[in-house]
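Trainee: Please model the entire structure based on the sequences and the hints provided.
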Amino acid sequence: MVSKLTRKPLKKPGARRGPRSAAQRVTGLLVMLPWIMQRGRVKISTMAKQFNLSEAELVDDLQMAAVCGVPPYTPDALIDVYMDNGMVIAEVPLVFSRPLKLSTAELFAISVMAKTAMQLPGADKQGPLSSALAKLAPLMPSGADSIKVELPRTRYVKELREAAITGERHQIEYFSPASLKRTTRLITARKVFENAGRWYVAADDHLSGEDRVFRVDRIEALLATDTFDEIRELDEEDLPWFSQALPQVTLRVEKSARWIVESYPYVSRVNNRDASVDLTMSLTSEHWLGRLLLRAGTGVKVLKPKAYRDLGKRCAQTVLARYSASDLTS
Amino acid sequence: MAVKISQAERMMNLLALLVDRTKPLTLRQIRQELGKQYPDSDEAARAAFERDKAALREIGIPIQTKTLGGDAAGEVTYSVNRSNYELSDLRLSDDERLALQLAVATVRLGAQHGEEALWKLGGERVLRPTAISVNIGLVDENMSVITDAVMQRRTLNFDYKGEKRQVDPYGMLSRSGFWYIIGFDHLRRDQRVFRVDRIEGKVAASQTRAFKSPVGFDVATAVPTEKQMLAAGDGEQATATVLVDAALAVGVRNEFGDSSVIRERPDGSVEFSIPCANMAAFRLWLFAMVESAEVLGPQVIRAQVVQWLEELTVGN
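Residue numbers (our numbering), protein chains in the order written: chain A, 1 to 330; chain B, 1 to 316.
Note that these hints are calculated values from the structure, not bench results.
Calculated lysine-lysine pairs in the DSBU-like style (CA-CA distance at most 35 Å, straight line):
| no. | chain 1 | residue 1 | chain 2 | residue 2 |
| --- | --- | --- | --- | --- |
| 1 | A | 115 | B | 212 |
| 2 | B | 212 | A | 101 |
| 3 | B | 23 | A | 101 |
| 4 | B | 4 | A | 43 |
| 5 | B | 227 | B | 164 |
| 6 | A | 158 | A | 135 |
| 7 | B | 161 | A | 301 |
| 8 | B | 4 | A | 49 |
| 9 | A | 115 | B | 164 |
| 10 | B | 53 | A | 101 |
| 11 | B | 161 | A | 115 |
| 12 | B | 202 | B | 53 |
| 13 | B | 53 | A | 135 |
| 14 | B | 212 | A | 135 |
| 15 | A | 158 | B | 227 |
| 16 | B | 202 | A | 148 |
| 17 | A | 301 | B | 202 |
| 18 | A | 255 | B | 202 |
| 19 | B | 66 | B | 23 |
| 20 | A | 255 | B | 161 |
| 21 | B | 212 | A | 148 |
| 22 | A | 101 | B | 36 |
| 23 | A | 135 | B | 23 |
| 24 | A | 101 | B | 202 |
| 25 | A | 49 | B | 53 |
| 26 | A | 148 | B | 161 |
| 27 | B | 53 | B | 66 |
| 28 | B | 164 | A | 148 |
Mentor: What follows is the structure, encoded as structure tokens:
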């Protein structure tokens, strides 16, 4: 169903480990204090979730902030933030009332994210995102304009996004290169996502009765059915990628075919002394592996399972048979 | 005796003091103001102060220093000007803030900088999943140095294909899951494209701004597309005639356009004219279709394809 997944596992933004340094705690407070002051009062649990902190960490930081200020450290000279009945409350702003300037990394991120979002099908090019970018423009360093993200232009992305929002079932004509067949199936789209230059849709597949991921560029026709299913939001981590139960294949990749290491997802990798690499990959289908071996040529061989050691040879023979059958020289 | 206090709390108090006082302060004055927050011994207090100062600078607070003359010759004063580190009010509307929130929720960079920018802009991280998302891999260990250099126009130094390169990065492009740097390569004395994940080892950037991009530079056209790659080579033949079975012909037509069609056959298969000057790229493209495509000519290209296939049938 899907031929490619991200080369590295997706991480939840903000996931972190280990104790925080003093600089991290101070930066966090300098970001959070103006943020609370703008809102006046926020639930501790909401705020902890928002800032990727445990409630204990947040309470610790805010208790510390509440005793910080300027000499003589009388109540009126301290940062006016306190907690009451599960709420964080900030009142009179002292010195930390304005947010910090955006770092170059933050400017890069917000600019790239906003410009990429503007390219999405159906995006309003004259809307609030565009005017927000215009307001941010004076802050951007001179090189910001020369950083671009190119998204693939694929038919039906806009319609499938709408379908994920409304829960409307669609009938699709789907082409599978492995079987060279087209199937007609009913799907309920749950999330449309782009990864490594391709658009995918995660959907309930009513033909197989399973959650599936389809490549959008292989959907050849899409038809709304006017039947609606309950809306189900899918988080990135819940995407039905390859099943863990898929068999695995280990390949020895010589330097001449190193592009495979860079282009295909793998489960594990061992670098050998002779510059070759042993890659273990999830095997989605024999057709997929055969195609990979054909493209890679003599720079790759299958180490295991044994059953696939001659797959490249078998594929080459199949293609050669076609050339022999249509020998144009005779 | 010094009071027991965490470095974070002392840093907060130091910053609050330097922001609050209109006049620059010496370390002696700072220690007096902060009471027993710094250690009693001069040496330990100086070391702790230097640590605090470095950490504040690291998070983007510029602490200005000035060496005094006259009676206080040699003493250094410290001050912080709020306008140097505080964000001015951008007057974002609620709709604009919401649009940025949605953009940050939709586009994933693999780092938290987008969320941090949002908070500083008064926005919130959207915690519910979105119906559409884009995953831009920004996971390479060198990316922060590279993006900073491109934004600030600083020269990069790195190893690439076994050679030391000094590159003025004119721009960056993310395409099909890869990041590219396009810039002036001082080694080749020409504009070149580098794929970030192929850089060997660490990247270093110059401290000063060093160059300007050429007038009219366009990052998107500077990196050849897959289609252009097929034509970018020194092979003897510029194009090949390729017969593609009906099942895959639609996709090839979409990729290369109607102008690439030579002839449609009654069974739905199509003969295409495909660039093949770059034979390595042509092989990858052709064999992706396995037995559903066949090179009809020129004979030299067809013979090459047959040879590739025969090589694979030997051994194993």
